[in-house]
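Since each chain comes alone in its own frame, lean on the hints to assemble the complex.
Residue numbers (my numbering), protein chains in the order written: chain V, 1100 to 1366; chain R, 2 to 521.
FYI, nobody ran anything at the bench for these hints, they're computed from the structure. Heads up, the beta-carbon is just placed ideally off N, CA and C, and yes, glycines get one too. Don't take each hint at face value.
What the hints assert, rightly or not - Below, in silico cross-link-like pairs of lysine-lysine (PhoX-like), each with a Cα-Cα straight-line distance of 20 Å or less:
hint, chain 1, residue 1, chain 2, residue 2
1, R, 415, V, 1152
2, R, 480, R, 457
3, R, 426, R, 411
4, V, 1152, R, 411
5, V, 1288, R, 436
6, V, 1288, R, 411
7, R, 414, V, 1152
8, V, 1185, V, 1152
9, V, 1288, R, 426
10, R, 436, R, 426
To be verified - Residues on chain V that point at chain R, a partial pick, calculated with CB under 7 Å:
hint, residue
11, 1292
12, 1295
13, 1326
Said to hold, decoys possible - Using C-beta positions, here's what the derived DEER-type ranges look like:
hint, chain 1, residue 1, chain 2, residue 2, range
14, V, 1271, R, 82, 51 to 57 Å
15, R, 163, V, 1225, 53 to 59 Å
16, R, 34, V, 1100, 53 to 59 Å
17, V, 1306, R, 414, 45 to 51 Å
18, R, 61, V, 1225, 24 to 30 Å
19, V, 1308, R, 416, 52 to 58 Å
20, V, 1226, R, 61, 30 to 36 Å
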Amino acid sequence: MRIALFATCIVDAMYPRTAQATVSILERLGHEVVFPSGQACCGQMHVNSGYLKEAVPVVANHVHAFDTKDYDVAVAPSGSCVASVKHQHPMVARSCGDTALEARAAAVGARTYELSELLVDVLGVTDAGAQLGSYFPHRVTYHPSCHGMRLLRLGDRQARLLRSVHGIELAELPEADQCCGFGGTFSMKNADVSSAMLEDKTANIRSTGAALCTGGDASCLMHIGGGLSRQGSDVTTLHLAEILASTAEAPASVTGEIRVATGKATR
Amino acid sequence: MSTFLGMPSLPVFGTGNLHAAESFPTAAHRELGNAQLRANLGHATHTIRDKRLQVVSELPDWEQLRDAGSAIKESVMARLPELLEQFEQNFTARGGVIHWARDAGEANDIVAGLIRDTGETEVVKVKSMATQEIGLNEYLEEQGITAFETDLAELIVQLDHDKPSHILVPAIHKNRTEIRDIFLREMPGADPALTDNPAVLAMAARAHLRRKFLTAKVAVSGANFALADSGTLAVVESEGNGRMCLTLPETLITVMGVEKLLPTWQDLEVFMQLLPRSSTGERMNPYTSLWTGVTDGDGPRNVHLVLLDNGRSAALADEMGRSALHCIRCSACMNVCPVYERTGGHAYGSTYPGPIGAILSPLLTGIESEENSSLPYASSLCGACYDACPVKINIPDILVHLRSVDVDSKRGKKKLPSQMDVGMKAASWALSSGKRLGLVEKGLPLGRLAAGPDHKITKLPGIAAGWTQSRDIPAPPQKSFRDWWAKEHHGPETGGTNAPARGTARADAHLNAQDKEDGA
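This is chain R alone, in the form it adopts within the complex (with noise of 0.2 Å):
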């Protein structure tokens, strides 16, 4: 449990784009309307599922891999302050700016000064989910700046005036139809004729991008690691417009979480493993580029980081919930989560989607918001996110400490107590006690009038009525297995020392006489 919280000298939730603007099962009702989504979003996630299991499935230390990525992520954590200023000096001795984010807010005015103090109207963009998260672009227009995705897939999502709904995949739930029409209509220049070929496609993108690319001053870049020893930027994708973009311009602004630190060079070597095979499911990805400072003649003059707190200090101060600031954002949870399948990403609100986001999201913001809340309630829990993490983040655990703060934020603070707070308190009294269940169990009969002559049970009125939406509930039995035991099988109290042989033909018997009496 946190023991900041409310102390004022220490660092504010995050804001930004972590806030949904509904609850999760509004939003997701919603998408679930939406048959093209899911159509999409089901064959997208199944690709991407079994091209990963089969790359992972070819290293035999896998799990060491893992166990090695997790270990040197909670080294992090609990040195992050010693780290940020070993990486903070070796980056500006070698020439680089770094400036301290404590909020969205701050951040983006950082860059908005950055960019204004260079003269230019205009920059490129590598595709970064730390912007995404503060909202860089929209802030950048109202600024008067615009600011160009170059990934194919933001491209898509910028040009559509719509949000990214994967972290991996921005535009998942688009297909290739969707997306010639998208080009056609906001894409200068675009060729009438053009066809929803993926490769004709792409070729429109590369020769829009290219202008791009030749004329920008200004780059603004996320990171995938910093390392603290030389005070090095790594940044992985897969198309090589981030290589552009991090080598042509002549100033790079680079916008990055905190908890993005590896302590030295050796470390990458397991992430550089981990990432691209979680994520795009390859073996390794086609582009990966590290800078240090700045070298004469070489790349950007002028090399600026934004440092961003965000709410990862309050995420920190979660005993339980830190380990979420391990994620590596490489998308494997919300590729094997059948929540996110059906839903999509939108659903989620923030930035962060799927498992990861249902716990990071609340994290970072606090989950007093009301639509935040509902964000650790959007999961089965059935551990397939926990699985395919490569940094072995124990999401379904994070989900139920999550639920417990925010029923707990919630106690006594409310005028009537909820439907879920009636129930659970009476299920508390009546399930913890034998005795207590034994008498509970003696109205199974009423149920069972409940259910009528069909033995269904098909409407339940209050929060129990989502289970009859879609499913019935088979009419409870004659009695309880507690009833039968105490009277037929062992006599009354705790079990009893009937011969094995004798107690085999009681229970047979006893077992048909019971499906008789329950009329099956």
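The following block holds chain V by itself, in its conformation from the complex (with noise of 0.2 Å):
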């Protein structure tokens, strides 16, 4: 299959190795990887803020850098970028009167996944520690963010893709579907309240005794990591998409002091 990947801003900016972990899976599978070049943001930052006109010229790229023949799918390590691909894109273009735009947005919307649900719901991955490998040999928990959970519907495939990877131990977050309170420029705009989930949200990912936490979305971690950093706790954050492609061979390299997993993996 030729799958285009979508880096996301933030990955391709900030995270550059959950992209490259998230190439190394697909090869991997034995699949051709397609970068795009067009391609920026989804505009999601833009349209949560208000900003719908400025949001045009950013939607209007992403459709035109993914409206091409090309590739079978596309996908990205992030569920809050697919879910604006998905839900945000043909109300922009409809915000602006472009019907073609809109149609174009809508077509690249329905061929665009989230990681996980690529690889269970299309590429048939049910075993990552025997299909592609993965081999993680940490205490991890896991924090679902809200977009995945409640707009794209994954359920539990990135959990269930986590407990089969090799020598993972993972350890239930408490209170897991809570927000983790980044909510994009929420995090600013209201700084306090968001600190405040935040607080909550580490308090219950420092309870479970992992050496760090994991998710989908480079955003939801970015914030959790960055509130962990600031309380001076080891605790890191990794995206999912670096321990599936964390292999014994090349294993993904994680910062801080590392608690590795004591017990046998939770398979």
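Here it is as structure tokens:
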């Protein structure tokens, strides 16, 4: 299969290793990855902040970059960006009265997948350890991001993939379905409330005794990781793509003092 | 988008207790400092949240019920004038009197006039959001009329000269010790030996209220539903205080928002399943009172209904926002909202707090008011409210819509664009082309420089300072993914045609190389 990678702006600029891991996983499964170079951002920040007019060129650019027959499906290592592409892009196009763009946006959205969705539903990955050679001998806890959980209805796809990684010890996160408090510009406009939400999320993460917290959205992980770092915690964050890409021969590197998994894998 | 705004012949925006006195972030900052409030709220919302989930999971057709509720409400909004006329005809034919009020001021005048006509100066009240919205109690007080709240939580709030902070549990922000202190201080004849045992507190309130029920000649209520096909009103409650008020006095005055109509009796079946489960987490509420006009020898002799617009027509005119009027005031959205859980209801300023308040208040009042325009931003858009709403109001989408109405309403009106305006414009330029984003990413090493040796950025200027208040930003990488892809993976332009096997080895090797480069 020819798969177009939508790296998303935050991964492209801040977490290139997450995108590289995504490429590695897909190629390991024997698929060809292409990177439409015109891509930039889904425009979610503009839409969610009310700057619809400013979102139009961003959305148009994405549709233009991905509106090609050159690939079979598109994938992004981010639930919220995929949700934006699927749910917000047609609305933004409609808001400026561009029905042609709306139709093209809907078509792009229809073949765009979040990473775990693509792996489980399209590529048939049910056992990452066996099919990808995933190996990650650490105690990990998992935060399911709101948009993946509620807009994309990813269910337990991400957790199932993580559980099948060799060597991993998955610690259940208390109140996992609670928002981390990022919310894009919400974290700046309502910094106090956002900080209070983050405080509870990081306290729950620390209570698990995990070495790191993983998830499917780089932005939530940046928020959670930023809070843990400020609190002087050893716990770090790592995108699930990097855990899935990690093998015994080429282990994902993690920073800080890492607590290695103690018991047997939770498979 | 509303096409009616600014046309003089249309109803005005709502007035009354719908406006915040300060912006949400300012109020939230203050409320967040109240540790007791946060503990009370956290406990209460979690308890009721779990109860709701449990009783909802008992119904195999919950999703279909939500769909039905949503569809009925949508049909009501589509033919509201026609249904109101039908209701008025049936209500009047059965001996009731209808009064129409455009805004809070008109509604208050009508109610005060009706009470004055009875010669009474005291009224008992059934808990009602509509009368909270118009500030009826305060207005009556100015007119020399005392209104006694009979719902236990409303009574607590009233005795404390406070404002409700939750639609269903108005005193959710108070614990039992605080309540005992309020009773001792404010309740006439309260036993000085009163303990904070809930049963003891309830008995004290019961003795206090019984005196009022048995002497009151006039009652004021709200209504949960109005049935157009029979002219019937309905009140759903838990304590029985409502039943007392609705049956004992001679005169009953009900204030109800025009959106509360249902077409038929049959439609009530859907909502009697949706409402108790969503609000109190009960399969059925203890008391449901329905009354149709006046009946000889039974119940009030004079039955009045004030039909309240107060901005509802304006909300109805907003195509994207109108479904906020589907709200049945169950409070499920605020019980699951992480923002409400931490700030409480008072931060929202309006009678309607939480996610529904963040959309309903600005829809009713218009978004031009500086304080209410901050309400649509009081959400991280996590979507928990939409999942919990029994009538499927897409609150996150309406929040986003109202943010865009707010941004658009300010375009060209400011002397200087805000930092957010400038930032969004610049980001729009940078993020609407791969080439431009690539260009911006060339500046990543500057970020590394700013981060310093510990690879953390701990202080940012301007609006971004909110982020670094409690969070670090990691140092950006040496180079972007885009750069890596172009130079080291598949060659420059739109991806490559490498054989998968070759790509695998290369991607893995580069992951490792990148680790070393980043000093990870």
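Cross-check of the supplied hints:
no.: 1; hint: 415(R) <-> 1152(V); verdict: 17 Å, holds
no.: 2; hint: 480(R) <-> 457(R); verdict: 17 Å, holds
no.: 3; hint: 426(R) <-> 411(R); verdict: 15 Å, holds
no.: 4; hint: 1152(V) <-> 411(R); verdict: 13 Å, holds
no.: 5; hint: 1288(V) <-> 436(R); verdict: 30 Å, violated
no.: 6; hint: 1288(V) <-> 411(R); verdict: 17 Å, holds
no.: 7; hint: 414(R) <-> 1152(V); verdict: 16 Å, holds
no.: 8; hint: 1185(V) <-> 1152(V); verdict: 19 Å, holds
no.: 9; hint: 1288(V) <-> 426(R); verdict: 17 Å, holds
no.: 10; hint: 436(R) <-> 426(R); verdict: 17 Å, holds
no.: 11; hint: 1292; verdict: 5 Å, holds
no.: 12; hint: 1295; verdict: 5 Å, holds
no.: 13; hint: 1326; verdict: 5 Å, holds
no.: 14; hint: 1271(V) <-> 82(R): 51 to 57 Å; verdict: 53 Å, holds
no.: 15; hint: 163(R) <-> 1225(V): 53 to 59 Å; verdict: 56 Å, holds
no.: 16; hint: 34(R) <-> 1100(V): 53 to 59 Å; verdict: 54 Å, holds
no.: 17; hint: 1306(V) <-> 414(R): 45 to 51 Å; verdict: 48 Å, holds
no.: 18; hint: 61(R) <-> 1225(V): 24 to 30 Å; verdict: 29 Å, holds
no.: 19; hint: 1308(V) <-> 416(R): 52 to 58 Å; verdict: 54 Å, holds
no.: 20; hint: 1226(V) <-> 61(R): 30 to 36 Å; verdict: 33 Å, holds
Of the numbered hints listed earlier, the single one contradicted by the structure is hint 5.
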